[in-house]
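Novice: Chain residues, written in single-letter form:
Number of protein chains: 4
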Amino acid sequence: MTIILGDNQYGKAETHVVRVTRDGSWHDVKDITVSISLAGDFADVHLSGDNSNVVPTDTQKNTVFAFARDGIGEIEEFGIRLARHFVDEFRPVSRARVHIEEQGWERIRDQAFVRAGSEKRLATVTCTRGATWVVAGIGEMVVMKSGGSEFHGYIKDRFTTLPETTDRILATSVLARWRYSTTDVEWKKTFDDVRRLLLETFASKHSLSLQQTLYAMGEAVLEARSEVCEVRMAMPNKHHFVVDLTPFGMTNENEVFYAADRPYGLIEGTVVRDDAAQPGFAW
Amino acid sequence: MTIILGDNQYGKAETHVVRVTRDGSWHDVKDITVSISLAGDFADVHLSGDNSNVVPTDTQKNTVFAFARDGIGEIEEFGIRLARHFVDEFRPVSRARVHIEEQGWERIRDQAFVRAGSEKRLATVTCTRGATWVVAGIGEMVVMKSGGSEFHGYIKDRFTTLPETTDRILATSVLARWRYSTTDVEWKKTFDDVRRLLLETFASKHSLSLQQTLYAMGEAVLEARSEVCEVRMAMPNKHHFVVDLTPFGMTNENEVFYAADRPYGLIEGTVVRDDAAQPGFAW
Amino acid sequence: MTIILGDNQYGKAETHVVRVTRDGSWHDVKDITVSISLAGDFADVHLSGDNSNVVPTDTQKNTVFAFARDGIGEIEEFGIRLARHFVDEFRPVSRARVHIEEQGWERIRDQAFVRAGSEKRLATVTCTRGATWVVAGIGEMVVMKSGGSEFHGYIKDRFTTLPETTDRILATSVLARWRYSTTDVEWKKTFDDVRRLLLETFASKHSLSLQQTLYAMGEAVLEARSEVCEVRMAMPNKHHFVVDLTPFGMTNENEVFYAADRPYGLIEGTVVRDDAAQPGFAW
Amino acid sequence: MTIILGDNQYGKAETHVVRVTRDGSWHDVKDITVSISLAGDFADVHLSGDNSNVVPTDTQKNTVFAFARDGIGEIEEFGIRLARHFVDEFRPVSRARVHIEEQGWERIRDQAFVRAGSEKRLATVTCTRGATWVVAGIGEMVVMKSGGSEFHGYIKDRFTTLPETTDRILATSVLARWRYSTTDVEWKKTFDDVRRLLLETFASKHSLSLQQTLYAMGEAVLEARSEVCEVRMAMPNKHHFVVDLTPFGMTNENEVFYAADRPYGLIEGTVVRDDAAQPGFAW
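Chains as they are written, first to last, in the numbering used here: chain D, 1 to 283; chain F, 1 to 283; chain X, 1 to 283; chain Y, 1 to 283.
Chain D extracted, bound-state conformation (with noise of 0.2 Å):
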């Protein structure tokens, strides 16, 4: 038996820039917050502290400052420049992977803005030698249906105490990734589509579970958008319970309800082209 090296990556984690580019007085900013793992040929740096092929994280978040010097774009194209760039220029690194959060601001006025909520705009690109996978994604959207959601035929078994429903809260915060096919892809475009589509079938969508609800916006997307292959989401249960006021004498037909923090459901799932190729390095 032999102690070895197994899996490994290490990068500079949440650089967070801001770009302003003006034209006049007329001024637009990004503001991310970047995240790099890169892996590849660092057995020796594990087993001796040999630091010749180590790229140090603090020149990693050097670079994302001098390439936001060129300008941002969207995230999924500073994701691929970034993560090329580690693989292009440093023979032992093997693989890089860009994970970017943007988050949004709205314009009060020509050199003004407000904080557009709490979505953040994801995207995580990996590259090796020869490929590039782009994920892009959504995160925090906070959604919430006070109608249109059933729960019940499930199994019961003597531990069981929750009562059938036709009718509760739903609610979850959504985080959904979705990968693409190819990065010829206008990313701005396709980002609000994917957002639009989600949106609208978590309301449309009557809901016996919140496995079905995310199988239908994952659905949704991949019917709608050709570039995007898989979808995966995560959303939990953020249960709301109808208070009982009966002992005040009062009725509730689900008006009053106590918001719980935990614990919650966790859904996870994953929507997916049945011909999508091999995820890879993807995720």
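There are no misleading hints in this set.
No copy is singled out in the list; a pair is fine if it fits within one copy or between any two copies.
The list that follows gives simulated cross-link-like pairs (lysine-lysine, DSSO-like), each with its CA atoms no further than 30 Å apart: (1) K120 with K188; (2) K188 with K30; (3) K30 with K189; (4) K120 with K238; (5) K120 with K30; (6) K238 with K156.
Note that these hints are calculated values from the structure, not bench results.
Given chain D, put chains F, X and Y in place with the hints provided.
Specialist: Coordinates of chains F, X and Y only, in the frame set by chain D:
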């Protein structure tokens, strides 16, 4: 020398209620978190554990749910109803304070909603037997100016290294709370107007310091809204540092910024009418 | 009616300093986060953006680092040195407050350490030209009693559903801050003793209410430490609910509890000597 | 092309249970948070909302409480009991994963406790019909070395500005998880020993890079504990920057450091026996 009980209060904090109001298939949702503090004749519970004057915090929570049954309305109104209840119903309670935070939701369709940003609408209502104070507010309103902000002319001493600048990013998360001189207010209309005034003044006021911006924001509210007599604000200066790209042979004309988390400046100030009534227990 | 500037202060918040002191290969580390607030003659910066009275928060940060160069010592001492500096050096500054949070580290060996729990040691020092106030404290000291706690005899009204109990879990996160009547204090020794008294009293005092426990804890400190004249505490009642296992044919004699996050009770109280000097700007 | 369901799982997350065990007036407390994920024959619930194969997450929560009634024991054991239950009782469930985080408490006296630090003890148990995998771990173990750490000899390119150093602070928050090759383990004894080995190796290993330290820590565990076949670690490099005090006419011989929050390095690595069984569903 004797050891005595000083100021004290207790209550249930962060009861999270969601209230759905149905008009056929058209739903409205109200999402609030309610915190209650009661003060009064509570010496015995501290000194001997005699609870005969204590309204349990569990009962306070139940009361929030029961009152929500009749509708919430604007949070200032709901706060008044609740605070008044505790003072009027329970002889030992001489002062009740109800703090409410409201999370906004944007409609997707008739029964579906998506969370409207990270901003919170705030209300703090304090009642004694004979008086009512209402403080409204807004929290976590994150704003940024990419132009129209300078900082120079400050004191220099042996620890000063900050360069003066006539062009910097000004970014902050606004916490603004304002005291009403009356309870005869159109709460929603005034809130919307105050929010607009705060945003517009932040955006339009050329800034020589964050203090100046803060004062101008409060002043704009007081000038426009006669029912408001005092505005208190806390604004962290979320520093955005120009990245030095000269080691890479690049210029950086205020285009690429590093957004730092800590430390941050913290600017706190009050703008008030000189004839405002004393604040009493308002804050 | 005129609009005027009311209370205001500003400063650098959360400068995180780690100071290593070397005695050969034996190291000591001090890990503190420093927040500074200055008040004084700052009308002009608010009204016109004239910064000529302003000590930039960046300079405040530099000052923290420079002062740390000469050693930190106990945080109360370091706070006094810093607060005194700002008041003495800068004419416009009439009041300086320095709040410090210290994170403890346990030694593994001569130059290696592991973080010592979630508790924070606290100090808040306020200086004016002629006076100095020192408030010390402890935060996030999370404690639990699985016995020796009752709650009954409280007011019942139409919204009461809580059953009375003679055996419950009492759990809280203690924030205790105490004011010294002097600066002639052995800071570390007193801190250690106060922490011990708080813990021992929490543990040994049979509790009929969290208020009674809070008062007893403060009283124990005042009885034992003559240099302390006032103790202020905030203690959330972190509810642990007995799970109803009867649907599963099981008893639950206070053995299995669900630990809830929100809502929670919040108990705040002050224990003070009747001959304590007025607190002035201490808090 | 057809759209199909890919990988999916669901369950109740973060059920927070406190279990008190009484031996006369002597109490023991166990404080755990349990998260469950089930995978199996769940196509119908996704495609049509047919819940007939679904064990509700509410039932999963109830099961946790009911099982806690019989005692929790070591978290690896409790995880095995729970995961095995879901696989054995419910035909559609082909795989159950139970992740438990335990918060430690130190005794003050027989029935009173104070929280023991921020560290968490972790266990992840995965069961299929025929197999059981146990991964134990430790999280949020924050450590720092003020000496015995260097970083130099790395790749330099046009974006490199980091100076090489033979003396730096090395600080990290260790997340270590290790896979057992058997379930015939003295869980507590092995956990304690692994924790000790991780701490001692971090402290004693002279470090030329965080990767080297990480590998040495994993190697020490594998060398000492034959029942462990793989160790996975994630260690953020929590940067401590030497403050430049030369503008103030001061030296700084690695005494005063600024502790930064973001960005941070993130080092992830695996140390494994070359004859370890394939991990299967362990992680």
